[in-house]
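Student: Residues per chain, in single letters:
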Amino acid sequence: MAAQKGDREAFGELVRRYGPAARRVARAVLHHPEDADDAAQDGFFSAWRNINRYDPGRQFGPWILRIVVNAAHDLRRRRQIRETDPVSAHLPGGEASPVALVEQGELGERIDRALQTLPERQRLAVVLFDAEGFSHGEISQMLGIPEGTVRSDVFHARRALRARLGLEPRGDS
Amino acid sequence: MTQKFNPSEHAPDPEIGGLLRTHLEGLAPEQFVHRVMAGLPQRFTLDSWEVLARWARPGIAAAAIITAALGAWLAYPRQSDPVGEPLLELSTAADSELILSALIPEP
Chain S
230 MAAQKGDREA FGELVRRYGP AARRVARAVL HHPEDADDAA QDGFFSAWRN INRYDPGRQF
290 GPWILRIVVN AAHDLRRRRQ IRETDPVSAH LPGGEASPVA LVEQGELGER IDRALQTLPE
350 RQRLAVVLFD AEGFSHGEIS QMLGIPEGTV RSDVFHARRA LRARLGLEPR GDS
Chain A
356 MTQKFNPSEH APDPEIGGLL RTHLEGLAPE QFVHRVMAGL PQRFTLDSWE VLARWARPGI
416 AAAAIITAAL GAWLAYPRQS DPVGEPLLEL STAADSELIL SALIPEP
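Quick mapping for you: the protein sequence lines, in order, are chains S and A. Everything in the first sequence is counted per my numbering, starting at 230 for the first residue and increasing by one. Everything in the second sequence is counted per my numbering, starting at 356 for the first residue and increasing by one.
Rather than coming from a laboratory, the hints here were simulated on the basis of the structure. In this text, a Cβ means the ideal position worked out from N, Cα and C, and glycines have one as well. Just to be clear, a hint being listed does not mean it is correct.
[As the list claims (entries may be wrong)] Below 20 Å or equal to it, Euclidean Cα-Cα: the simulated SDA-like pairs (lysine to any residue) are: (1) S:K234 - S:F274; (2) S:K234 - A:G394; (3) S:K234 - S:R307; (4) S:K234 - S:R305; (5) S:K234 - A:M392; (6) S:K234 - A:P396; (7) S:K234 - A:Q397; (8) S:K234 - S:Y283; (9) S:K234 - S:R287; (10) S:K234 - S:W292; (11) S:K234 - A:A393; (12) S:K234 - S:R246; (13) S:K234 - A:L395; (14) S:K234 - S:D284; (15) S:K234 - S:Q288; (16) S:K234 - S:S275.
[As the list claims (entries may be wrong)] Heads up, incomplete: computed chain A residues facing chain S, CB under 10 Å, no partners named: (17) D368; (18) L374; (19) A411.
Take the sequences, apply the hints, and build the full model.
Tutor: Okay, structure coming up:
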């Protein structure tokens, strides 16, 4: 792998390819886009420093995303970012700032609120499975939890999101 | 309460996945790439000659110190080792018997 030989351009390609997923996963942990970008960046810095530990025989995606999840946890500890208190499941609940509504749109606001009602592990599981397309097994390795737990987390997260977003229940939820 | 999983649960949910991707997507992906690359710490990637060159100076210095110490040790006359000297010279067989015998000599 060229990046392991110190090729910055090659590493830049990896950032370009896995950056969006890294930012989404960090956002699933930290909620705030700016914090998520900081964590994703920290993750890529850490990956660059430790690139020789990466086994080129395996997929880069799960490796970098595991690092990003750890970086997001570290950032939260360092900045003592408080986990947003779970909000009521009634949507649209609370007072949304007009600016946020304009910037994000009503649907974005609803998704944000729905996600915040979920425990972090379920958020990560559903983002990694449904949005990023990783298998239960890969997620299990990334998060260091049993595969059955991942399966259950995805199931519950989906069901909760569908209910809170007013989507029709799927076959499995 | 028992959970019932069905086969559709093994595949990603495109509707939820699409919503999450759109919502969690950060703005300006190319800007993020530039930001990461601009702050990327310098990694030292040395080839074998650079590694040898780095070791050369301390290596030569260490070799010089060892050579000087060895030269000094060889050049100066070595003092006699008191531990290696015999405690007394045995000149006769009787002396030797006296020393080696475990019995008390008869008067």
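Student: Does each hint hold? Answer for all of them.
Tutor: For each hint, the structure was consulted:
1. S:K234 - S:F274: holds (16 Å)
2. S:K234 - A:G394: holds (19 Å)
3. S:K234 - S:R307: violated (32 Å)
4. S:K234 - S:R305: violated (32 Å)
5. S:K234 - A:M392: With a Cα-Cα distance of about 16 Å, the restraint between K234 of chain S and M392 of chain A holds, given a limit of 20 Å.
6. S:K234 - A:P396: With a Cα-Cα distance of about 14 Å, the restraint between K234 of chain S and P396 of chain A holds, given a limit of 20 Å.
7. S:K234 - A:Q397: With a Cα-Cα distance of about 13 Å, the restraint between K234 of chain S and Q397 of chain A holds, given a limit of 20 Å.
8. S:K234 - S:Y283: holds (12 Å)
9. S:K234 - S:R287: Since the Cα atoms of K234 of chain S and R287 of chain S sit roughly 17 Å apart, the hinted pair holds (cutoff 20 Å).
10. S:K234 - S:W292: holds (18 Å)
11. S:K234 - A:A393: holds (19 Å)
12. S:K234 - S:R246: holds (19 Å)
13. S:K234 - A:L395: Since the Cα atoms of K234 of chain S and L395 of chain A sit roughly 15 Å apart, the hinted pair holds (cutoff 20 Å).
14. S:K234 - S:D284: Holds, at about 13 Å.
15. S:K234 - S:Q288: holds (18 Å)
16. S:K234 - S:S275: Within the cut-off at roughly 16 Å; holds.
17. D368: holds (5 Å)
18. L374: It holds, given that the least Cβ distance between L374 of chain A and chain S is near 6 Å, below 10 Å.
19. A411: violated (22 Å)
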